[in-house]
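Enquirer: Sequence:
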Amino acid sequence: MAEQAKALQKLIFNIEVQSEGAGNTAAAGQQFTFIYGIAPGGLSDFEIAISDLRVGETLDLAVSEINMKTYLAHLFLIFRKQTGLVEFNGSMRLLFRFCETSTPAAKEVVSAIAEVQKMGGCSGSCDCGCH
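For the sequence shown, the numbering used here begins at 23 and goes up steadily by one.
Incorrect hints may appear among the rest.
Stated by the list, open to error - Straight-line alpha carbon distances no greater than 25 Å define the calculated PhoX-like cross-link-like pairs of lysine-lysine that follow:
| no. | residue 1 | residue 2 |
| --- | --- | --- |
| 1 | Lys129 | Lys28 |
| 2 | Lys32 | Lys129 |
| 3 | Lys32 | Lys91 |
| 4 | Lys103 | Lys91 |
| 5 | Lys129 | Lys140 |
| 6 | Lys91 | Lys28 |
| 7 | Lys28 | Lys103 |
| 8 | Lys103 | Lys32 |
| 9 | Lys140 | Lys32 |
| 10 | Lys129 | Lys103 |
| 11 | Lys140 | Lys28 |
| 12 | Lys91 | Lys140 |
| 13 | Lys140 | Lys103 |
Bear in mind the hints are in silico, worked out from the structure with no lab data behind them.
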């Protein structure tokens, strides 16, 4: 049976852009890697949406910039940094294919939590969209 997302697991998704907005340069197969469930404010809407996905399954998402900020919340800036996707429009679709899950080292979890906090976490002042 394929694995599902679990708290403190490292998840890897391949991203496919179906309708690119201006300014986006990410190619199909771009990866988005993060540790699930580390935000002090709880799960983002994205994390909730993928909680029942199993490795090999796909989340198909119609996006806009406002939706991406609120949907990804604390993961938004990390997503932009990893994928190079900086602008979103209403005609854009992203396919998130769940590729892999693994148990990260404790040091990696601590680093990921620190990165979320450094980027503002849920303080509302980081433009991450979580508030």
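Enquirer: Going through the numbered hints above, which ones does this structure break? Give me the numbers in ascending order.
Expert: none
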